[in-house]
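Enquirer: Single-letter residue listing:
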Amino acid sequence: MNRRHLLRVLLIIGIVTTSIMLWQRQQPAPTATAPDPVPQTQAPTVSQPEPATKIGDEVIQAAPLKKGTRPFYGSLPPGVQNIRQLKMANKPSPEWRKKLVTHIKRIGGPNLKSYSVTPEESYVVPDGDAGRYVERVTVKITGKKGEYTSFFAEVDSETGYVIKSWGAAIPEKRSHRH
Amino acid sequence: MKAARMQLQLLRLKKGTLFGVSFLVFSLLAAGCNPTELQTAGVRTDPNVVNDSLLGKAFVYEDDPINATGRSSQPSNFNINRIVGKTPQTIVPLSKTTLTNDCLFQQEQYIFGTTSPYSFVDCLRVLSSDSPSVVPLQSNGGNWIFPAGSTEFYQVQAMYHTNKVVERMMGSMQFIHQQLHVGGSKSLPPAVPYELADMGTWWFKYLASKSQMTKAAQLTVFSSITDESLRNNAFYEPVSNSVKLGWTSYPGYSAGKPFSVLMVQDPSVIYHEMGHAFMTLFLNMRNAEKIGAVWEPLKYQAFPYYGFYSELGAMGEGIADYFSYAMNARPSLGDWAFGNFVFGRRPMTEDHPLHAPGISSLADERISYPDYLLYEPSQPGFPLEDTHNGGMFTSHYLVALTDSLKNECFMDHNTAVDHVMLVLAESFAFLGDMTGKGSDYNKTGKAIVNLGPNAAYDWYYSVRQVTARRWSQAMARNIYHFISRDACSNFTKEKSEKLLDMYGLLLFRHYDDNGTFSTSSSDSTTRQDSFAMVTPTGLLNSTVGGFFSSMFGSYFANTISGNKAAPTTVDEVNRVKSVLVPKAALDYKTTGAYSTIFIDDSQSFGQSIASNVLFQGRVISPTVGIAGPEYNNGNNRISPGEIVGIGLDMVNRSNVSIGGVTILATPWAHMKVNNTSYSNPQTQPCSINGFPSLSEGAVTCTDGDVLPTDGARFRKPASSSSTYPAKALHPVCLVQTSSNNETRWVSQDFFRKNILQLEDQDCLGFGTPDFSPAECLARFVPGMEMAFLAKIEPQLSYIETLTKPYNDFNLTADDADKIPVNQIPGPASSSVLLLEMNKWIPPGTTFTCRLRAQFTNCSDCFESAAGQDEYTDIEYGGHKPFKVLDLGFIVLE
Chain A
1338 MNRRHLLRVL
1348 LIIGIVTTSI
1358 MLWQRQQPAP
1368 TATAPDPVPQ
1378 TQAPTVSQPE
1388 PATKIGDEVI
1398 QAAPLKKGTR
1408 PFYGSLPPGV
1418 QNIRQLKMAN
1428 KPSPEWRKKL
1438 VTHIKRIGGP
1448 NLKSYSVTPE
1458 ESYVVPDGDA
1468 GRYVERVTVK
1478 ITGKKGEYTS
1488 FFAEVDSETG
1498 YVIKSWGAAI
1508 PEKRSHRH
Chain B
10 MKAARMQLQL
20 LRLKKGTLFG
30 VSFLVFSLLA
40 AGCNPTELQT
50 AGVRTDPNVV
60 NDSLLGKAFV
70 YEDDPINATG
80 RSSQPSNFNI
90 NRIVGKTPQT
100 IVPLSKTTLT
110 NDCLFQQEQY
120 IFGTTSPYSF
130 VDCLRVLSSD
140 SPSVVPLQSN
150 GGNWIFPAGS
160 TEFYQVQAMY
170 HTNKVVERMM
180 GSMQFIHQQL
190 HVGGSKSLPP
200 AVPYELADMG
210 TWWFKYLASK
220 SQMTKAAQLT
230 VFSSITDESL
240 RNNAFYEPVS
250 NSVKLGWTSY
260 PGYSAGKPFS
270 VLMVQDPSVI
280 YHEMGHAFMT
290 LFLNMRNAEK
300 IGAVWEPLKY
310 QAFPYYGFYS
320 ELGAMGEGIA
330 DYFSYAMNAR
340 PSLGDWAFGN
350 FVFGRRPMTE
360 DHPLHAPGIS
370 SLADERISYP
380 DYLLYEPSQP
390 GFPLEDTHNG
400 GMFTSHYLVA
410 LTDSLKNECF
420 MDHNTAVDHV
430 MLVLAESFAF
440 LGDMTGKGSD
450 YNKTGKAIVN
460 LGPNAAYDWY
470 YSVRQVTARR
480 WSQAMARNIY
490 HFISRDACSN
500 FTKEKSEKLL
510 DMYGLLLFRH
520 YDDNGTFSTS
530 SSDSTTRQDS
540 FAMVTPTGLL
550 NSTVGGFFSS
560 MFGSYFANTI
570 SGNKAAPTTV
580 DEVNRVKSVL
590 VPKAALDYKT
600 TGAYSTIFID
610 DSQSFGQSIA
620 SNVLFQGRVI
630 SPTVGIAGPE
640 YNNGNNRISP
650 GEIVGIGLDM
660 VNRSNVSIGG
670 VTILATPWAH
680 MKVNNTSYSN
690 PQTQPCSING
700 FPSLSEGAVT
710 CTDGDVLPTD
720 GARFRKPASS
730 SSTYPAKALH
740 PVCLVQTSSN
750 NETRWVSQDF
760 FRKNILQLED
770 QDCLGFGTPD
780 FSPAECLARF
790 VPGMEMAFLA
800 KIEPQLSYIE
810 TLTKPYNDFN
820 LTADDADKIP
830 VNQIPGPASS
840 SVLLLEMNKW
850 IPPGTTFTCR
860 LRAQFTNCSD
870 CFESAAGQDE
880 YTDIEYGGHK
890 PFKVLDLGFI
900 VLE
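Chains as they are written, first to last, in my numbering: chain A, 1338 to 1515; chain B, 10 to 902.
Be aware that a few hints might be false.
[Said to hold, decoys possible] With a cut-off of at most 30 Å between alpha-carbon atoms, the simulated DSSO-like pairs for lysine-lysine come out as follows:
1. A/1424 to B/889
2. B/299 to A/1403
3. A/1501 to B/889
4. B/299 to A/1424
[Unchecked claim] Listed below are several chain A residues computed to face chain B (Cβ distance under 7 Å; list not exhaustive):
5. 1438
6. 1475
7. 1486
8. 1487
9. 1493
10. 1505
11. 1511
[Stated by the list, open to error] Pair ranges (Cβ atoms, derived):
12. B/260 to A/1482: 45 to 53 Å
13. A/1447 to B/260: 40 to 48 Å
14. B/698 to A/1411: 56 to 64 Å
15. B/412 to A/1430: 42 to 50 Å
16. A/1430 to B/827: 37 to 45 Å
17. A/1447 to B/803: 41 to 49 Å
18. B/645 to A/1438: 28 to 36 Å
19. A/1481 to B/599: 39 to 47 Å
20. A/1430 to B/833: 34 to 42 Å
21. A/1432 to B/698: 46 to 54 Å
22. A/1482 to B/803: 47 to 55 Å
23. B/261 to A/1482: 21 to 29 Å
Keep in mind the hints are simulated off the structure, nothing from the lab. Cβ coordinates follow ideal geometry from the N, Cα and C atoms, glycine included.
Build out the structure end to end from the sequences listed, making use of the hints.
Expert: As structure tokens, then:
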């Protein structure tokens, strides 16, 4: 193919691309539907809204790496080319949840009235030059004196150890005055 | 000649291509352009609604009982019927049969204009309680009219006011996006992402599980109150993305009586709680990544509350108060729900009658930082450390800023609020950015905020928290670039700086608008910046994407890569009230560290502090078996096996108040790594401020020797084939060893191996992901390794600051008026660090823990010298931005 043919092909591609972009803009407004609040018997239908127009050519990352059935979030450690080569720092155990609950009960002490631990997602994160199986959970606790909070936590999938926590409820109740 | 013909041919083809594409674009645009299909942002219209119909409507109260009637309503005499309006208002679109609502967002695009509305169906719901079996209310035959005072009635009112905020903010966000990306003068690459609609971060995406756009923002209204957690309370709960509205325990209330004072009766409280939600949304606007074809939320998100007292938490309260002002233009919050009954209502202007004498809108009588951090309007002489009081400088500044825009720029209330929301959103989108990029237009591949994605959680939540200084600097930067240089030249840089200064917020020397790379040194000879404001060189043809680069390369022409650029400087003439204090002013008491620390090693303390912290949303993980409260002996000394609360009652040696004191016991780069091997890692302490001396085993370190670019910690590697990082953040405590009349300071790992012969399993923290043998013996417990002291008065200690006014009052008060000692607020749990000691430590062992402290109005914590650039994110891994507190102690039996 000589340069002239190449330029013609590029011209056609340009026209087609532009047409597609503009055609996309004419599509009906994107809509997403929230899950119904009543208890579900099937997965809620939540759809990602399609963009009205694709304007960027940002680098689109590949689908997430997976370790078994778990997605891997982050960058593979230097020298690790394939996720299959990734050494793991822990081994998932069904006991993690029980251990986490035991820990919460221990540090909550006698003031702890009730608690709930809800698993949100199982995934793998980089940990130094290895990977670590973790769980993201939401925790809700109430105290006997009326205390309440909730937060997200990232928990070791083997030991139930809380690695990180964030997103605590923001109360309006104030410090006491004299 | 042949080459020349080829060039000509190429040029013709290029011209033809350009013409063809341009023609096609124009034709299609012309054909597709139908302005009538575009809706005004934030306005929901439904052609099926008949104006005089009650369908989809209800009668609502627009304001709380006090402000609606103009009288001082009391629980005993008010009737909610009296404040309900006579004109029915739309509650939900006609199509809705349950009490849910939709959210619409439109954004502006280059060339193509406004998008069609992105809608999120059922984004809002109101429920009577958070019981799993509760479902949204059904309409009453198509309308939403229920008996006044009924549970159903209050659910409808809650929907009306919540939806009002959401519609207002959707309109604001469209304005913000348009102004930042399309319409404005673009002198600074914005942090609010261009692809806001596509990313889905215009709504609460941070709550999503992966591959799920979001959950609905669910507002839960407690109209039948039985829950003690909501006594005098309302809160925003990120986990469920809900706002929960409680009730007020007013004087005269007794158990079993109906609850006649409800938060839902006070729309300002709803607006305030929704303010927390939208501040969270602003912080996370950039926190999504495109995986495959789908934008997914990052696994960690930036929330506006660290638990307990912190400056971000305090500012969050002030900003949430401002949302109430934005909605009703009234500069006070909670007149009814928190008002006369519980003395909790908050003013937002200095002229408000609730304020103490001496506070006025005069330049030197404003609610300024840090003077009013502990100010409580209902008891002005008595300090109280609380986020709601501490944040009043924020709300007062924002209201004053809005007024300035009204006066200087002839804006109406809504337009002025839109501009304030713009600078707020832009500031928080940057400060909360966990991708590190800071802007879509940063094409350098290098982080400019929060050090980078791997370290962003640690940097945002502990190492480099959002303080009043970081926030006010971001606000100044964005006001300058997006208002003074753009929307309203009347509101000049000088006026902006003077206004900030009235509030004590001109706490910085320049605007940090050169986008210095997070991993660059701040040193003037080697610094690398990503933006340039003045005469940039080395222009990067940078926009959102390569396709548009050729068209819009000039939009952000000031984006450069890797060259030094001069940041915009503060005019020092404008700094009158904002007094900066050298870090040397933060000091131990005269007799050194021992007189400064207060220790609680009682058995009950270990349990109570753990529980207290848990109810603030942090889970501490003390070691089991090797240390614990069972070893606590209550002798106010540090003994083997104990878990000890350590408070630092620091003194302010200066003659002005200091605010936002943060003490970190988190790992930092103070050790030089000589050997990274798994089996025999070797480190030496860096000599910092002369400690330890070189003769005591220390070495001289440069930043290049020790600072990790990725925030890596010196933890035990996962496998024996791995090595320790060569540059890392190390645990803070060193241990002293003596032999042959020679005293040296060594790492705990060296001491436990060579002196105590302890194995890994005998170390603190063994078996945890963060296990480091370098904290085998003394370890600050994760979750309680940071302390916050809101304010220290001149020449007083922290505890004296909190208690002296009470004690002074008691000295002269009649016995009947004296304040009981147990009612004098002391230091909060947030001022305490938790230290655990290995039970195998021999008594007599000496430790020094190298803590790092900083405060917000510090003059020499943020740059090496006046005129130098600010310390960069990577330098926050070291000692330069901090005062190093060497906390020495001997372990006693």
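Enquirer: Checking each numbered hint in turn, tell me which of them this model violates, lowest number first.
Expert: Violated hints (numbers, rising): 1, 5, 12, 13, 14, 15, 16, 20, 22; every other hint is consistent with the structure.
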